[in-house]
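If you're matching them up, the sequences are chains A and B in order. Residue 236 in UniProt numbering sits at position 236 of the first sequence, with consecutive numbering throughout. Residue 684 in UniProt numbering sits at position 684 of the second sequence, with consecutive numbering throughout.
Some hints here could point you the wrong way.
[As the list claims (entries may be wrong)] Away from chain A, derived, C-beta distances all over 10 Å, residues of chain B:
| no. | residue |
| --- | --- |
| 1 | 114 |
| 2 | 173 |
| 3 | 197 |
| 4 | 239 |
| 5 | 433 |
| 6 | 483 |
[As the list claims (entries may be wrong)] Below, a list of computed lysine to any residue pairs in the SDA-like style, where the Cα atoms sit at most 20 Å apart:
| no. | chain 1 | residue 1 | chain 2 | residue 2 |
| --- | --- | --- | --- | --- |
| 7 | A | 104 | A | 155 |
| 8 | B | 818 | A | 6 |
| 9 | A | 24 | B | 119 |
| 10 | B | 853 | B | 952 |
| 11 | B | 5 | A | 223 |
| 12 | A | 87 | B | 20 |
| 13 | B | 93 | A | 14 |
| 14 | B | 119 | A | 96 |
| 15 | B | 104 | A | 116 |
| 16 | A | 24 | B | 20 |
| 17 | A | 47 | B | 8 |
| 18 | B | 104 | A | 5 |
| 19 | A | 24 | B | 8 |
| 20 | B | 104 | A | 7 |
| 21 | A | 47 | B | 4 |
| 22 | B | 104 | B | 85 |
| 23 | B | 851 | B | 411 |
| 24 | B | 93 | A | 7 |
| 25 | B | 93 | B | 330 |
| 26 | B | 851 | B | 942 |
| 27 | B | 5 | A | 155 |
| 28 | A | 47 | A | 25 |
| 29 | A | 24 | B | 4 |
| 30 | B | 93 | A | 9 |
| 31 | A | 47 | B | 107 |
| 32 | B | 104 | A | 165 |
In case anyone wonders, no lab produced these hints; they're calculated from the structure. Virtual Cβ for every residue (Gly too), placed ideally from N, Cα, C.
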Amino acid sequence: MAGLELLSDQGFRIDGRRPNELRKIQCRLGVFKQSDGSAYIEQGNTKVLAAVYGPHEVRGSRSKMLHDKVLVNCQYSMATFSTGERKKRPRGDRKSTEMTMHLKQTFDAVILTSLYPRSQIDIYVEVLQSDGGNYCASVNAATLALIDAGIPLKDYVCACSAGFVNDTSIVDISYLEESGGGPELIVATLPKSEQIVFLEMNSRLHEDNLSKVLDVASKGCKDIYEILDRAVREHVSKVSHSLATTD
Amino acid sequence: MKLDKRERHLRIKGNQGRTVVRELYLREDVPCQSDRCIAGCQNDGKLSTDTTHYIVPDCQIARDYLEILETPEVTGIIFTQTAVNSVQHEGSKRLFTRLQNLIKDGRKASVVFHNEFHKYVYIERDPGESLNHWQIKSTYKACEWYYNHFVGDVPIVMLTNDQQVIKEYEDKTVNIFVLNVKDYLKGFWHNLDGIVDLYESITTALDNKSKDYSGYLPSDILETGIKSGRYIEGLLEVNRHNASTEAFVRQSGTSQKDGEKMEDIFVSGMGSRNRAIHGDRVVVEILPKTQWKGRSLAIQQDDGEGRSICVENEKEASPAIPTGTIVGILQRNWRDYVATFSAEEEGSSGNKGGKVLVIPYDYRIPKIRINTRQIDKLKDKRVVVRLDSWELGSQYPNGHFVKSLGTLGELETEVSAILVENSIQSLPFTENQIKELPVDTQDNPWKMDEKEIKKRRDLRNSHLVFSIDPKGCEDVDDTLSIRELKNGNLELGVHIADVTYFVPPGSLTDIEARSRSTTVYLSDRRYDMIPPILSSNLCSLISGVDRYAMSAVWELSKDLEVLNVWYGRTVIRSQYKLFYEIAQRINEGAEEDEIVENIPELQNVSSADLKTKIDELRWAVNKLMYVARILKSRRASGGGLELDSIEVRVEMEESDVEGLTPKDHLEVHETIAECMIFANHWVAKKIVEHYPNQSLLRHHPLPRQDQFEILVKCAASKGFVIDTTSNKTLADSLNRCIDGDDPVVNKLLRQLAVYAMSTAQYFSTGSLPHDQFFHYGLALDLYTHFTSPIRRYADIVVHRLLLSAIENINCDHLDSNKVLDELADHINIKHKAAQNAQRDSQELFQSLYFKDKKPSDEQCIVNAVIFQLRINGFLVYIPRYGIKGPVYLRNKEGQVVYINKQGDSEWLSGSINKDDQSISVQTIHGSQTYKLFNHIIVQLNLQASRAHSASLRYDLLSNKPLKEESSNVEGANSTIKSDIVKVLTYLIIS
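Extracted from the complex, chain B is given alone in its bound form (with noise of 0.2 Å):
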């Protein structure tokens, strides 16, 4: 194929106006990327076929309004080359990032068209031709190109605002139209809602946009300062209970690479937080040592709006830290926010259009302001607000409205809150998505492949196997089967559901997954990663009927050692579906009845074949749960951390922080458990064996030693000592706190240490040294997720290796580790975002349990315990619904609680004393000592708020634990639990 040698003369910017000529390769064959291509073009068709048009932007339109072009619903947008180019050089680099993340994404199905690069589409700059006149023109050409390409089968439409080009170009070429953004949108997305809001919101944005960055340094002097070590570079991040002083520099690259420890750079004050906004990434230069402040130590009080109250006598801090002030901004790190207008806002209406203050759902962002037009119809909703700029001598950044998500105070409201807060997409599932996958409907009932059967191996007929999850899971990943071998060994088989056979790499389902990366569980509904034909139909391992399954499959010695491992792709059919209760009765040696009555796949067995079938059972039951114990002790005894609490494990391995019932514990999710974690760990190892630097693993590195502190002192404080030099170490000194009198106390102690410990990841292989890969809380060299590709893209990725590794291909079609690399750091993201999405969904449900309860009923006078020991009051541990908050020993006048001889606590003039171990109030009645682990009595009062999520306060009621609630902490349970499910329903229902 013939190239066409061009010249091309640049002026390059900031080098004293000379020129530096470049080549520039013209050719012929610059692919369409359309599956509408009839002229042949090598594609890969991921140009949209379903949309009428398609849509050329021009550099502006590019540059300006990329986040129209961003909304889910507009597809089939072409970016020029000019385009692409204007963008990375004249905006900034997030915004190219941006550009760049819209064209990876399948489901925008929009390409680049590398217009310079094609001969009959490129145009030289003629010389003293402007810039935009150019880019203009060359546009154009590629509009004409692509209608010609496609035989004027698909109108093209060029945006642009420029008047002029409008003028000038629209009526050269019937079909090709050439309109601005705001007449497009009218034209053709009238019925999408709010997005001429949007575009007009931005367009006002625009209108007073300055240049953001004067105030910092200048780039190339931040450069060399970083790499002097004059500055130092890392993560804003802000203390949410102190959001208008206290925030943080988090130095980036891992503390343990160097052996030295990374401190926090502390940043008191917005001064020398210089605009900064948490999240971004700034360049910081540390004060002389006579300017660094301490933190405050005191625990502060909120009165709903933001301000928090900060007592004058209160300013007790720590030692002086590194104190730093923000010389320059490298990155900023801005995403959508959920905001309020102010309670003042809406008393004022005759403040019609204009700026308008709003007060965002997360403490650590300040206020912003907006221009709206709309206040009268927004000020009782909850908003989604995008920054644009923050200008110097400006007291609040600048930004526009986005949308509207709904009146406050209502759930669906304050739930799509919570997810635009934690950045989740929670739209359903597109057409062409549903279209790409297999039906199962009552006509057209979905069947198995029989070629496909033939490729696996088959144990619907040999083996039995079941599964054991909670009660009414719809999605059933994993199943499990034992069997003993003619020459007496043991087969153990872990049975995962096949997603990857529906899913194929790079399908509209995968991508969507892949952005998804995690099914979100909220309290009261989930949102699938895959759709749920598969997730709860296809996929589920469901028993009774046939399934496609990726099977690990251990041949164990009489000892339980491993003689050999099967992998591959099976066909199963599951016998039972068991849940954890019934599978734990069972082991316990339950009466046939009581099996029967609880497993409906027993139901219609005749009473002949009824014994054999639940002695089988049984007899698989035991042997699970008995081979389970083995290979725990054995993990725990060669080294590992045995973190056995319930909460603990949950933590660790399912990222699930407990609810406001503690779950109850049965040996028998040991036992799921410690097998999922034998398959991972197995599969890891095949995995890593064969492509050692292009595998998805997971690791969990060393704790920060730093980080135990408050463990070591809480329990010194009882007299334990935690001895924290290893996993193994901390296990056993974490099972000697034992207090015969006080079990919270192990409890709570094995919570401090998971708060010590640092997040588990994923990783790619190839970018971490081998000694890292461990996984510390598990006490394993190798770890990765295997079990659960239905709610994890992770292991998707994993399953997809695995195959590879069994068939031996070689790695060039799999990602690569720098894919990969980014791939992990996607899912750890989402994961996370998934995780606080959980949690601040069951905070919102706590806060409407407590809702319609006066302050006085049973339910908000609880037991508490005190955990940690601030300035001005402690935190506290509440075991009957498993929170923790804290308790103010002194309000907003000064006055200290005292606790009179009646038992009733009132607030009078006093003074609190604190050293290590205890607290005490000073009145003139006399003084009261709170020490670690002291039971008192606080009233739980829920605290409203408009802009923020509700939160509890935590009263103290009586220095004296609640008699007959200490002996009966699980009977609470149970009721509490019971409550919460009617909360639930009914708001459901309602």
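Just chain A, with the same shape it has in the complex (with noise of 0.2 Å):
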């Protein structure tokens, strides 16, 4: 057997995208009662879970408080059931450490943390099914589910993922292209203001690549940012329409 051919020289990737086009996304806000907020997305078989508590009073110990801004504690895990061989422990293997401080430093920079000194505000992101670009998946829910929580952000804060195959550049790669061994570039922006708020790259990129394939990210970036922007919105008018009914 050959071997798999990531991109095809009419310019079709393996699940029938081009190069330039996500996955599918659906997304949903408000999926829990219980929590302060939370979301649910799709991007093509990857499936995430958010639930956001907080901001509350600082619980266990007090050391951790910070006395000018908030303290953001995350939490990744992924469900044993996520991947294709059974995981053995959902979280506090490498890997989900890793993940959780990626996602704390990244929501540490966009949530407004000097509004709510001396508290604390939960991320907690499940991942149900993995198939490439897990982190942005994650980071997509945790903003839908920080939004719904009604927490102040920056802006939104979207992930995406970019890869380099035939010298072309790849958005939004699935599990089949990342196990390819090519580059794999990881970004979170902020749409608005195209800041970026977290930069992962594995793999050996030249450097006369990394400004295309960083483009197609952003780009990408932007893409998602339409899509949770039109679901937010979607949301928000469905409950404040509820609400009016009520009253």
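Given two chains presented individually in distinct reference frames, assemble the corresponding complex, making use of the accompanying hints.
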């Protein structure tokens, strides 16, 4: 058997997308009633749930409390059934810990932290099904959940990945494309101000191509923003409508 | 645009039957890729519009009969994605690469249709449906879509060999024909010679095909083995002169990279070669040291039927070297082979049909077993054969017959055999390619475009432009100009034919030129890279007509330092088309009469103008030679290797192996070469500056030190020391190796130096570190090919690069590094093939030259110089013809040759002793010793061979040189040359 061809000469990717096309995104806000904010997102076959609690007073050891800003507490976990082979433990392994830290860094930068000194915000992210772009889907889901919880943000934060195959940048890469071993660039941006909140790259990429791949990834973030924004507006109008009728 | 998301459940092989879910996005805008489209697809129009119908092969046909689809005449094939996937998953990697190349080849006008991404063509595989059934259904659906897409305008032919399918779908839609391959070929291609035969032979080959790779280790074990260093991968190279026992595995990866030498691994005998064939990428396991063997040091004699004779007591061998046995094959590298039926086969006329052994033309390939029913028809023909498989336990590989080249021994047959053996395409240019190009006939002469002229710098009246080429040259691609500027500086201009103006990237001519990569010059003919309308007319910078050119113009100070350089498109009119000899004569101060007689452009000039014109020309030629002389000495002194003998220069630069007659060497040859090197160097500078990662350059790596061994040994025997540490020291020590009595010594040493060199190669700058860009032979840090776009594709690429560099366009529209890297490899291979073909054709003509000569003829008894000693003989160089060959001191019966007192040679029993410097023959009559650089006389005997090319045998005649010849080598050359010319013209006419 000859190796897989990630990008055909006619410009189709393995799943039928063109290089600049995102996977199908579906999302919902307010999926849980118990938490302050929650959201569910599907990016292709990657499915993520996020729940936000807070701001509330700092729980656990009070020494973690910050005097000038809010403490952002994240937890990233992957369901044991989320991958092809059953996972042994949902969190606490190196990969999850790293992902937790990345999420914390990202949201520390976007939440207006100085508004809530001495308090805490919890963000719980659960990957239900994993098919590439776990970080991106987690960030996008958490953004929606934070918005649902009404926590003030500088802007939406949208994350998107990009790869580089046959001298072409491909956006929003799936698990199959990730595992090909090519370069992978993950970026989280504030779409309005075009600021980069988080940037990570795996494998090697020639520096001349970096800007190309980065452009494609940022474009992906903007596209995702459009979709998230639409979902938020829809959700808000629905909620306000239902509020109006109950009054 | 809306995509439709589906999910596809796949069962992955070797994954314990688990299924994975993959996404699938369906869309409506999968392009049909044809210009016939009226639905407004986003098309590149690649699919042929000339064909009367489109072919859609099903999966099985795409896998098994790809060869039929590869036939150049068959165009307009639509491969469904289903078929491509099936080839990819079920076929070999090689098959898939072939399929990809077919699709990429613009001349085939064939495409992949992504039916599985199309909303209305994709069919979901029902649970429990067989793969085959689903594939057929999908393929037919694609046919239907295409048919409806062109509103029934174009008939679609679906090829399948499944009778049931044909029955099922045959009458479903009018004008969608479901045919099997045989009926299709008979119906549509009955006038195409041999295609049905090809079909038949593939079918029979398929029938007795079995899994080939049994007996080799599984690929995952090989892979881990290679990674852990247990096994080594490399290319198998069989020793041409000892094909049945000696082969080497050349390790991949260049030796320079990690500094350590990558040794070749010896594979001894057919057993450990384990069914690998020359050129295959193999995996080898090194044997324990106790089983290592040495290679044979004897020169092998051949009995003309491919069996080499090895006399028992000659089993002397070199010290043991790493020896291995082949455990697996990563990639077969089979090509088309020319083969001939053996003489015995011819005799047994009872053998009709069934299996026959054929002997390949190439010594390195084992005999091939083919199935044919046409033995009687083909017994005295040369045929093309392709390999299919080599089963475990079979002595010979299986193949099938492809086509016949013609009767044995005929010139045309032999030339086409050379072309096939070197994988050179020799088809004429197609009508479509010619149609793209401008016409220039008597009634409809080609004219320059006024608008285009305005865009260019016009040099027609300001510069004296002329060309210097060999006599009778048709494709003039370089011209020169030189003049003095008002401020006293010199202005040197090199003007090159502007081929890229006529050949836009991606055009049919461009695709064809790219695949040919170079014009192939054989002894009596040439195969052009671009159609003759361009190569010998519109692009050729003939004198007296206006032509487009690409120019590089330097302003040189009085000390010949470059002050500034201008590159760009120009319009020129060459004033004189000189040939080398007359240019040299002008420089030497020829009289007016002689000049006028030899330059047609001056013949109708009034006598008043004549003087000034000649003076102008003389000044220009003299100045040019002066400038070139300085440039050359500067390059040489800058640490440069000056391999200044003509053979060496030609070998390095034009990749031309010196012919039967060593060429005359004039200074003006060097002048032109130097100007071209200068232009190439400056163009390389420019393009690298603009496109540091995607320029096409030519580099010449350092030679491997161990290759110098023979040279050093040879020189030492004469008391010379060769210092090979750098190109400069090598050149200096070569210059010192001059034997006052024997001019051949220096010449020979220089040739040996050339053999030690690695070959110069094209490469893309993005794929090599910067410190490997240099050109060792020319001693330049950057070098490329710019000056011959008519006959080399690399120059066309460089022209395009230079044009974008001038206009300062960013690199996005250019070929990326990856594409360029592949292209560079392709051009390198083609160049090598062209060189080999040229050498083969020279050998062919050499043998034709000696064919009618009796061994006693004066032409066959020649002087020779010993340059290398072997255990049973030595290798000699024959200055008169510029050829090299082996002389055996021991014959098949084990007797040795002895020169008796009368000066005749006779075969006696005796022994041979060899040491570092000499080889001696001992018989009862006494002993005779031969040393390196001894002059001897040999007799040339042509040995005809049925299956292979004819070769020369060299018989020792005397151990003393011919007297009269050594004094008059030059004179002999000229007579021989005319003889050869006579032979050639005779052959061409007949």
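#### Entry: Structure versus earlier hints, numbers of those that do not hold, lowest first
Violated: hints 1, 14, 15, 27 and 31.
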